[in-house]
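Chains as they are written, first to last, in the numbering used here: chain A, 1 to 389; chain B, 390 to 556; chain C, 557 to 642.
These aren't lab readings, by the way, just hints derived from the structure by calculation.
Keep in mind the model is a prediction, meaning the values are calculated, not measured.
If a hint is listed, it holds; no wrong ones were tucked in.
If you want the footprint, here are the derived chain C segments under chain B, 3+ residues with CB under 8 Å: (1) 593 to 603; (2) 630 to 642.
Dumping the calculated DMTMM-like pairs for lysine to aspartate or glutamate here, alpha-carbon to alpha-carbon at most 20 Å: (3) B:K496 to A:D331; (4) A:K181 to C:E597; (5) B:K484 to C:D599; (6) A:K181 to C:E609; (7) C:K594 to B:D517; (8) B:K469 to B:D542; (9) B:K468 to B:D542; (10) B:K490 to C:D599; (11) B:K484 to C:E597; (12) A:K74 to A:E52; (13) B:K484 to C:D603; (14) A:K181 to C:D599; (15) A:K337 to C:D603.
Among the chain A residues that face chain C by a calculated CB cut under 8 Å, a handful are: (16) I184; (17) Y239; (18) G261.
Glycine included, every Cβ here is placed at the ideal spot set by N, Cα and C.
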Amino acid sequence: MDAAALRRSVSRVAVLAALLLVRATSADVLPDDRADLFYSKYSGGGMDITGESFLVRKKITENLVVEANYFVDKVSGASIDVLSQASQIKDTRKQKSGTVEYVHDKTTYSLSYINSVENDYKSNTTSFSLKQDMFGDLTTLTLGYTHTDDGVGENNGGVIAWLGHAQSIGYDVGVSQILTKNLIAGVNVNVITDNGYLANPYRSYRYLDSSNAKGYSLASQIYPDTRTSTAVQTEAKYYLPYRAAITGSYRYFTDTWGIVGNTYELDYTHPIANIWILEGRVRFYKQNSANFYSDLYNFAGQYNFMARDQNLAAGDNTTIGAKVTYAFLPDGWKMFKRATATFDVSRIEYKYTDFRNIKYYGLPQYQPGHEPLYSFNATVYQIYMSMFF
Amino acid sequence: MHSFTAKIFRRCALTAIVIASAAFAADTGGPAPAFTLTALSGGQTALSQYKGQVVLVNFWATWCGPCQQEMPLLDQMYKKYKPAGFTLIGVNVDKEEPAVKELLARKPVSFPVLLDPANQVSKAYHVDEMPSSVIIDRKGDIRYIHRGYRPGDENDYQDRIRQLIRE
Amino acid sequence: METLPRTPLCLVPPLRCAWLAGALLLCAGCSNIQPWVKPYERDRLADPIMAWERDSVSAAYVDHVREVREGARGATGGAGGGCGCN
Numbered sequence: 001m002d003a004a005a006l007r008r009s010v011s012r013v014a015v016l017a018a019l020l021l022v023r024a025t026s027a028d029v030l031p032d033d034r035a036d037l038f039y040s041k042y043s044g045g046g047m048d049i050t051g052e053s054f055l056v057r058k059k060i061t062e063n064l065v066v067e068a069n070y071f072v073d074k075v076s077g078a079s080i081d082v083l084s085q086a087s088q089i090k091d092t093r094k095q096k097s098g099t100v101e102y103v104h105d106k107t108t109y110s111l112s113y114i115n116s117v118e119n120d121y122k123s124n125t126t127s128f129s130l131k132q133d134m135f136g137d138l139t140t141l142t143l144g145y146t147h148t149d150d151g152v153g154e155n156n157g158g159v160i161a162w163l164g165h166a167q168s169i170g171y172d173v174g175v176s177q178i179l180t181k182n183l184i185a186g187v188n189v190n191v192i193t194d195n196g197y198l199a200n201p202y203r204s205y206r207y208l209d210s211s212n213a214k215g216y217s218l219a220s221q222i223y224p225d226t227r228t229s230t231a232v233q234t235e236a237k238y239y240l241p242y243r244a245a246i247t248g249s250y251r252y253f254t255d256t257w258g259i260v261g262n263t264y265e266l267d268y269t270h271p272i273a274n275i276w277i278l279e280g281r282v283r284f285y286k287q288n289s290a291n292f293y294s295d296l297y298n299f300a301g302q303y304n305f306m307a308r309d310q311n312l313a314a315g316d317n318t319t320i321g322a323k324v325t326y327a328f329l330p331d332g333w334k335m336f337k338r339a340t341a342t343f344d345v346s347r348i349e350y351k352y353t354d355f356r357n358i359k360y361y362g363l364p365q366y367q368p369g370h371e372p373l374y375s376f377n378a379t380v381y382q383i384y385m386s387m388f389f
Numbered sequence: 390m391h392s393f394t395a396k397i398f399r400r401c402a403l404t405a406i407v408i409a410s411a412a413f414a415a416d417t418g419g420p421a422p423a424f425t426l427t428a429l430s431g432g433q434t435a436l437s438q439y440k441g442q443v444v445l446v447n448f449w450a451t452w453c454g455p456c457q458q459e460m461p462l463l464d465q466m467y468k469k470y471k472p473a474g475f476t477l478i479g480v481n482v483d484k485e486e487p488a489v490k491e492l493l494a495r496k497p498v499s500f501p502v503l504l505d506p507a508n509q510v511s512k513a514y515h516v517d518e519m520p521s522s523v524i525i526d527r528k529g530d531i532r533y534i535h536r537g538y539r540p541g542d543e544n545d546y547q548d549r550i551r552q553l554i555r556e
Numbered sequence: 557m558e559t560l561p562r563t564p565l566c567l568v569p570p571l572r573c574a575w576l577a578g579a580l581l582l583c584a585g586c587s588n589i590q591p592w593v594k595p596y597e598r599d600r601l602a603d604p605i606m607a608w609e610r611d612s613v614s615a616a617y618v619d620h621v622r623e624v625r626e627g628a629r630g631a632t633g634g635a636g637g638g639c640g641c642n
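All chains should be built: construct the whole structure from the sequences, respecting the hints.
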């Protein structure tokens, strides 16, 4: 993961964040006002990425809530496929977002705007969603629309070359259903269409080249200028009699680039009195490669579209995570109703089946196309403090 | 395709409205179902004890945010109109007692709190929203059911109570 | 290895299908079904541990980390449940 890939999906994920804001509310009652201070670190695959965030959510009237978030992430190092040709990079991304939510009767309307800036990538996202409770508040229907505009550039030793724009439109439909006193289930469908400059300018494809000492040469990737993807996730949460919760989810993903991805996740939440919440999670993700992806082409320009981006390669990853939340002010103090501190750590193992480690391996020991397959581990830490008032 | 969907929507909306209005009509105007419940402070309390007074029965739970929002306001209302022949009964629907005791220890109220852990009274009163406030007149008939709570609703309660006290 | 991206079968917005499904669901339930979990039986569902996501900043961040490394994206949301009050 390098800075470009990171921000590539920031806008989309920022949108997810916006929708998650709606997701976090129950029925028609806006939850408590809160402020969160957040710090995270991702270490793995030659990269260190830290993230810092501050979020405030405040009711303006009984029906209207405003939320603002400021997020900064800093990337140092570069993922393996960039390190193969480029030097270490250091980059800072700043993201500001604002959301307004309005509740009327059984409906919640939400509008949000996210702006993300770094020296070679700009992104603006607007999203609108509607959440409706029905059937005695047993069913919740959510509809969302998202529009993103990105400006993609390339940093060449401090000089930014603006390469193009990318635009994306997304639709979300979700249904959440209470099945029993102990069980809730949901289905979410998401469709996104992207247009424009969709490639990562810092990554290249490689092709056999006997004139090069390495046996291969690199060239700029050529991506299609459109992509449409569909994802469907089903999830269920069950309350265990001794007071704990278990969640299972499965997501199916497919797109016009030929990628099919399956995600399986299991979470367990165990509270202790009103003070501690312990959580454990296990997740498995597997995908095939995009239809224009190859670890090694035979010659330059072999096809109309060529990519060697890790995200498009076939492989899987397994995550094991644990989270501890401690309420250091369980019953509040002065204006705070409650305050908690959370520590979350995940260990992710990535394995690729058609992406090779060309940073550390090559001729004379390994012929091009026969280097060992790449795999690496990453650790993700999150520490945050949440104050409810 | 579109007109077909629109037709279904219209039919559906009409059915929903009919059912909704039917639900309203069924409860108000009839006699309030009798009940006897254990009070949090001990002993048995029956609704019939309050015949002749205007009674507001408020169904609430410790896990219900809006319920807790309205409690202090209900308490104020109780103290204000009690001399005029009004009483307020809080019927708690929690399955376990400790949480109720703990909450009321932190935020006490002066009106009687009765416990309905088996939810028999909630069922009898067709409680379909939390919180629910049922206002009963001096003759023992249900005159008004208020579902949910939003700030400002207490004015609504007060108007109804004053009207029934004057009867 | 293809040179052109494939077109999925249901490119006509799968969303239109979802809208219709939603309409039919609404309609089917409308006249006959009474809520089978009463509002006073929602104590467990109202428990914070039964929320789909308790911390939106963390959830957004985790989705971010995953999306950067994986080809897949989207559909991770979930709303509803809870107290059902008001």
